[in-house]
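Visitor: In case you want the letters, here they are:
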Amino acid sequence: MKTTLKLMTVLFITMLISCGGKEEKKKEGFSYKKKETTEKTTAPKAEKTPPSKQVDLTNKGIGPIKTVTLAAEVDQTMATHGADVYKKMCTACHRTNKKFIGPPPTGILERRTPEWVMNMILNPEQMVKEDPLAKELLMEFNGSPMANQGLTEKEARAVLEYFRTLK
Amino acid sequence: MKNIITSSIAMLVILIGFTSCNKGNNSGGKSGALASNVAERVYVAPGEYDSHYAFLSGGYSGNVTVYGLPSGRMFKEIPVFSQFPTSGYGYSEETKPMLNTSHGFIPWGDAHHPDISQSKGELDGRWLFINENNTPRIARLSLTTFETEEIIEVPNSAGNHSSSFVTENTEYVVAGTRFSVPIPQRDMPIKDYKGNFQGALSFISVAPETGNMDIKFQILMPGFNYDLSHPGRGKSHGWFFFTTYNTEEASTLLEVNASQNDKDFIAAINWKKIEEYVNNGGGTMMPANYAHNVYDEETHTATSTMKKEVRVVNPIDVPGAVYFIPTPKSPHGCDVDPSGEYIVGNGKLSANLTVHSFTKMLDAIEKEKFAGEAYGIPILNFEDVLAGVVEQPGLGPLHTEFDGKGYAYTTFFISSEVVKWKIGTWEVIDRKPTYYSVGHLTIPGGNSGKPQGKYMFAMNKITKDRYLPTGPEMEHSAQLYDISGDKMELLLDFPTHGEPHYAAAMEASIIKEQSQKIYKLADNKHPYAAKSDADTKVVREGKEVHIYLTTIRSHFSPDNIEGIKVGDKVYFHVTNLEQDFDVPHGFAVIGQNNSELLVMPGQTKTSVWEPKQVGVWPFYCTDFCSALHQEMQGYIRVSAADSDTPIKWSLGEDIE
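Just so you know, the sequences run in chain order A and C. Here UniProt numbering is used: position 90 in the first sequence is 90, and no number is missing along the way. Here UniProt numbering is used: position 294 in the second sequence is 294, and no number is missing along the way.
If you are wondering where the hints come from, they were derived from the structure by calculation, not from laboratory data. Heads up, a few of these hints could be off.
Claimed, not checked - BS3-like cross-link-like pairs, simulated, lysine-lysine; straight-line CA separation at most 27 Å: (1) A:Lys154 / C:Lys525; (2) C:Lys565 / C:Lys612; (3) C:Lys273 / C:Lys308; (4) C:Lys308 / A:Lys99; (5) C:Lys520 / A:Lys154; (6) A:Lys87 / C:Lys520; (7) C:Lys525 / A:Lys87; (8) C:Lys537 / A:Lys98; (9) A:Lys129 / C:Lys517; (10) C:Lys648 / A:Lys98; (11) C:Lys517 / A:Lys154; (12) C:Lys120 / C:Lys454; (13) C:Lys422 / C:Lys450; (14) C:Lys648 / A:Lys99; (15) A:Lys87 / C:Lys537; (16) A:Lys129 / A:Lys167; (17) C:Lys517 / A:Lys87; (18) C:Lys422 / C:Lys432; (19) C:Lys648 / A:Lys87; (20) C:Lys432 / C:Lys543; (21) C:Lys432 / C:Lys235.
Please put together the full structure from these sequences, using the hints given.
Guide: This is the structure we're talking about:
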């Protein structure tokens with residue numbers, strides 16, 4: 001009889017253990033997922049050049065914009081629309097020709113790719129967290145966040161066209 | 001012998017082992033200590049969503065609180081009838097008109113019975129209606145913005161309690177008076193109540209697109225107390241049912257005097273018939289004075305209009321529209337089952353629960369089997385209309401809800417329990433205690449043609465020892481039960497704010513998807529909005545100064561303001577330029593005699609400030625908005641009344 005009792009106790013404990021394991025889902029097999037390249041495309045940093053003055057014409061930033069083709073001539077209609085959007089959505093923090101809360105947009109395309117600019121407008125939260133340059137910019141501007149103003153891609157593109165007209 | 005005992009103990013242990021292993025969701029039949037997975041059935045993991053919204057009335061808080069089920073977590077308090085310094089509701093210039101009434105500005109209300117709008121008898125999640133009991137009003141809340149959009153005062157009403165329940169397609173939100181009063185109001189001896197006071201039942205039409213409310217007609221009933229009501233649905237759509245008490249028409253010591261009659265009435269109103277009568281020009285317009293307050297989402301501003309007349313209908317002028325069904329004994333809740341056939345009269349002083357049959361009622365009306373009349377209104381025979389009686393289910397029945405599976409759930413205040421019973425056989429299936437003295441109960445969709453069963457929660461009046469004590473005053477307690485099985489299972493206790501009189505709940509899917517994230521700046525039509533930095537300015541108009549102020553992470557524009565004088569009335573019109581989800585900014589200025597403002601993205605709100613002392617005074621953002629929130633501040637210079645300091649404003653003049 002004692003053996004029975006022992007057996008039953010063992011059985012009970014086994015059940016308790018198996019209870020705990022019930023929810024576990026084991027991942028098995030091999031993963032052939034390609035690893036992301038560790039190489040960063042950031043331009044070499046010049047000593048003491050603040051991020052806002054650095055030039056990086058290869059980094060496209062992180063966000064929905066993969067390629068932007070700029071026509072040789074500025075599209076004036078689009079630029080006018082962009083100026084209107086800029087006035088309504090951006091002037092709280094940006095002045096065209098001087099540093100304000102954030103950097104000025106004049107000459108931005110001499111320093112940044114058009115894709116980077118649009119991604120910064122459309123996807124600022126991720127940019128300041130993951131894009132190396134945007135991260136540094138956040139620090140240069142005292143941690144003042146670039147606000148996501150909910151522009152559509154079309155509006156952001158128009159703002160970019162407007163930036164081309166700034167001298 | 002010893003062996004037998006030990007082996008039986010072992011067997012028992014194994015048995016427990018088996019039971020505790022059960023992680024099935026179906027709780028049918030299991031309850032009590034063996035159902036060890038209760039915790040995980042109310043556990044909503046961090047970052048995950050509840051399956052249901054619940055909108056609880058705040059009672060004397062005047063507001064509505066939004067909860068998630070099954071977690072019992074509170075998400076928001078929506079200000080409705082009471083000033084709310086947290087957001088500035090009722091303090092800001094834009095929202096003060098929401099609390100305007102024929103008695104002037106009222107800072108507080110007693111919110112009672114929330115009800116979600118319906119289409120074809122099902123909850124559609126567009127609006128939430130709720131009544132104010134004390135100064136009779138009905139509010140409509142948007143379930144897109146979760147804000148109060150409209151409040152209409154109800155004239156000729158007093159103690160707006162048998163409210164605010166919607167008909168099957170939200171044709172009407174209905175508001176009945178608990179206290180009868182002289183109509184029109186006049187100076188007369190109180191003791192002459194009987195036969196001279198009347199009770200107004202108001203049918204407020206709801207515009208299908210906008211939800212805008214308008215009192216279509218009021219039925220002037222005999223001077224009873226109209227306690228609660230519910231719409232007919234399905235086969236009884238077109239009817240409305242109201243419980244009454246004090247059919248004795250006592251005006252004093254109602255505790256005794258209103259409990260003399262063995263039976264009071266449920267008033268059955270064929271509103272379709274009265275609607276037709278009114279559409280054909282029936283009824284009379286009587287002079288009245290009541291406020292209609294509407295909040296415009298584009299101007300972010302409420303306007304209050306005083307309405308000067310209301311259409312009233314004398315029930316005896318519309319034959320076949322109003323009947324009384326005798327119901328024992330001071331019935332409280334008046335609840336209609338999902339099919340529309342059964343009308344439950346929760347006789348709060350009766351030992352039994354009375355259920356009437358709609359079919360039998362129609363039959364009795366057709367055969368004109370009347371037991372008598374009250375002020376010209378036919379009284380049906382109790383036995384002719386009776387569908388059944390739930391025999392002695394508990395003490396002090398108050399409210400009944402339905403699960404859509406053929407069962408009803410009734411709260412019993414005195415015996416502190418919820419009793420489940422079967423429609424048709426009237427047998428008691430189950431009973432579970434509540435903690436303590438339960439008032440209302442709610443099943444998601446429980447007041448519709450299609451209940452969304454699984455959960456039921458009881459809202460209790462007395463808390464006592466349920467939580468850590470917090471001095472003499474405590475939040476009320478609610479209990480959540482799983483009703484998917486045969487037996488109800490108590491899952492969770494959670495505290496509620498104010499005194500919830502009823503709650504409306506529904507599956508989260510529809511509401512969750514439509515919930516608004518920001519107000520579009522482009523749509524902002526507030527006359528004092530500054531929609532970009534270029535619009536910011538300070539304008540003096542005599543002794544009034546209007547400051548067009550903007551906020552964005554993390555500064556005010558302008559943030560230096562001069563030229564204000566003691567004795568000025570300064571309007572801070574604050575526009576939040578943010579267009580991102582969940583980035584509000586707050587506004588507070590030293591010595592503000594009203595409240596802060598909490599301004600949502602794209603919104604404009606106004607706070608009036610009347611400086612009394614010369615000096616340079618700070619203002620700042622109250623809502624932690626970014627890493628530079630502490631820097632979000634400004635100064636306003638106040639000069640002597642006779643000074644000639646010019647109006648000036650700026651932001652960041654000294655930036656490189």
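Visitor: Look at each hint and say if it fits the structure.
Guide: Each hint tested on the structure:
no. : hint                : verdict
1   : A:Lys154 / C:Lys525 : holds, 24 Å
2   : C:Lys565 / C:Lys612 : holds, 9 Å
3   : C:Lys273 / C:Lys308 : holds, 26 Å
4   : C:Lys308 / A:Lys99  : violated, 59 Å
5   : C:Lys520 / A:Lys154 : holds, 17 Å
6   : A:Lys87 / C:Lys520  : holds, 16 Å
7   : C:Lys525 / A:Lys87  : holds, 18 Å
8   : C:Lys537 / A:Lys98  : holds, 22 Å
9   : A:Lys129 / C:Lys517 : holds, 23 Å
10  : C:Lys648 / A:Lys98  : holds, 22 Å
11  : C:Lys517 / A:Lys154 : holds, 21 Å
12  : C:Lys120 / C:Lys454 : holds, 22 Å
13  : C:Lys422 / C:Lys450 : holds, 17 Å
14  : C:Lys648 / A:Lys99  : holds, 23 Å
15  : A:Lys87 / C:Lys537  : holds, 16 Å
16  : A:Lys129 / A:Lys167 : violated, 30 Å
17  : C:Lys517 / A:Lys87  : holds, 23 Å
18  : C:Lys422 / C:Lys432 : holds, 15 Å
19  : C:Lys648 / A:Lys87  : holds, 22 Å
20  : C:Lys432 / C:Lys543 : violated, 65 Å
21  : C:Lys432 / C:Lys235 : violated, 32 Å
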